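Undergrad: Chain residues, written in single-letter form:
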Amino acid sequence: MNRSISVTLNALGLYGIALVLVGAFAAQILLNELPCPLCLLQRVLFSMLAIGPILNIRFGPRPGHYALSLLTAVVGAVVSARQILLHIMPRDPGYGSALLGYHYYTWALIGFAAAIVLLFDDRLRDVAAARPTGPFAVAAVLLVIGLTAINVISTLLECGFGACPDNPTLYELLRRLP
Amino acid sequence: MEFTALFLLVLAVMVVSWWGSHRLALALFSIVLVASVATYLHHATDTLNLSF
Chain W
60 MNRSISVTLN ALGLYGIALV LVGAFAAQIL LNELPCPLCL LQRVLFSMLA IGPILNIRFG
120 PRPGHYALSL LTAVVGAVVS ARQILLHIMP RDPGYGSALL GYHYYTWALI GFAAAIVLLF
180 DDRLRDVAAA RPTGPFAVAA VLLVIGLTAI NVISTLLECG FGACPDNPTL YELLRRLP
Chain Z
76 MEFTALFLLV LAVMVVSWWG SHRLALALFS IVLVASVATY LHHATDTLNL SF
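Residue numbers (my numbering), protein chains in the order written: chain W, 60 to 237; chain Z, 76 to 127.
Mixed in with the good hints there might be a few duds.
Stated by the list, open to error - Where chain W lies over chain Z, by a calculated footprint (3+ residues, C-beta under 8 Å):
| hint | segment |
| --- | --- |
| 1 | 76-89 |
| 2 | 97-107 |
| 3 | 110-119 |
No wet-lab data here; the hints were simulated from the structure. Source: prediction; values computed, not measured. Heads up, the beta-carbon is just placed ideally off N, CA and C, and yes, glycines get one too.
So that you can see chain Z by itself, here it is in the shape it has in the complex (with noise of 0.2 Å):
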C-alpha cells in the first residue's frame, strides 16, 4: 500500500509541476522524497550477509 500511495505522490507532483504553481510542486517534491527516505528505511531491515 505504501508503493501505491508513494507513486500517488510522484503522480501528484507531475501533474502540480506541469499544470499548477512552481511553490506547491517543490513542497510535494521534499515531502515524495522524505517519504521514499523513510520507505527505504523501513525496508533495510534485512541482514545484509557479507563476508568482509
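Next comes chain W alone, as it looks inside the complex (with noise of 0.2 Å):
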C-alpha cells in the first residue's frame, strides 16, 4: 500500500473515532444521559484507538503502531461485552436509551470489533517512511486531540475529584458549586 494512501485510511479511522466521540457527546448533552464508569472507560479506548493511527500519520505506517490499536480494540470490546452481560437478562432495561435498537455498549461492541476486523489486513504490514502531512490528516489529528481534551473537562465536571457514581444523574463538580 502506499504511503499517502495509508495516510489517508489513518486519517479516515480518525475521522471515524472523532464521529463516535461526537455521537457519545450527542446523547451526554441532548439527551442529559451522563456515562456511567463503564461507558466512560469505553470512551477512553475508543480515544486510545486513535493514537496508533497519529503515530502513522507522523512517523509512518508501521506494523507496531496498528498492533497499538488492536491490542485496545480488544481491551474495547472485553469491556462492552461485559456490560452488555451486565444488562442481558430479560425485563433488564439497560443503561441509557437505545439508538437504532440498540443500546451505546453493543454499538461499542460492534465498533471494536469492526475495528479488529479492519485491523488484521496483509497490507497494514507494509513500512512506510515518514514525510509531511497534509491538511486532512492534520485537520482529524487535531479534531481527535481536541475532542479528548473537552472529555477531560466533562469527566471532571461528571465525576469531581472522588469515585464517579455507578449511575450518574447530575455534575458532581457543578453541585458542589455556590
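Fit chain to chain and form the complex, with the hints in mind.
TA: Written out as C-alpha cells, the structure reads:
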C-alpha cells in the first residue's frame, strides 16, 4: 500500500473515532444521559484507538502502530461485552436509551469488533517512511486531540475529585458550586 | 477521578505522539493501557446474573 493511501485511510479512521466521540457527547448533552464508569472506560478506549493512526501519520505506517490499536480494540471489546452481559437478563431495561434498537455499549462492541477486523489486513505490514502530511490528516489528528481534551473537562465535571457514581444523574463538580 | 486521569493520560500520549518522541509515546501508551485494564478490573466486581 503506498504511503499516501495509508495516511488517508488512517485519517479516515481518526474521523470515524471522532464521530463516535461526538455521538457520545450528543447523547450526554442533548438527552442528558451521563456516562456510567464502564461507559467512560469505553470512551477512553475509543480515544486510545486513535493513538496508532496518529503515530502512523506522524512517523509513517508501521505494523507496531497498528498493533497498539489492535490491543486497544481487544480490551474495548472485553469492556463493552462485560457491560452487555450486565444487562442481559430478560426485562432488564439496560443503561441509557437505545439508538436504532441497540444501547451504546452494544454499538461500542460492534465498533471495537469492526476495528479488530479492519486491523487484520496483510497490507498493514507494509512500512513506509514519514513524510510531511496534508491538511486532511492534520485536521483529523487535531480534531481527535480536541475531543479528548473536551472529555477530560466533561469527566472532571461529572465525577469531580472523587469516584464516579455507578448511575450518575448530575455533574458532581457543578453541584458543589454555590 | 480515575477516568479524568485516564483521559488526561490519553491526551498526553496523543500530544507526545504528534509533537514529541516516538519512544516516549510508546512508553506512555503502555502505561495507559495497563491503567485502563486495572481500572476495568477494579470496576468489574459486580456479579453477572447470568442464567446459563
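Undergrad: Hint by hint, note whether the structure agrees.
TA: Consistency of the hints with the structure:
Here the segment 76-89 of chain Z counts 11 residues with a CB under 8 Å from a CB of chain W, which clears the bar of 3, and the coverage holds. Under a criterion of three residues with beta carbons nearer than 8 Å to beta carbons of chain W, the stated coverage of the segment 97-107 of chain Z is upheld, 5 such residues being counted. Only when three residues or more bring their CB closer than 8 Å to a CB of chain W does the claim for the segment 110-119 of chain Z stand; here the count is 6, and the claim holds.
In the structure shown, no violation is registered for any of the earlier numbered hints.
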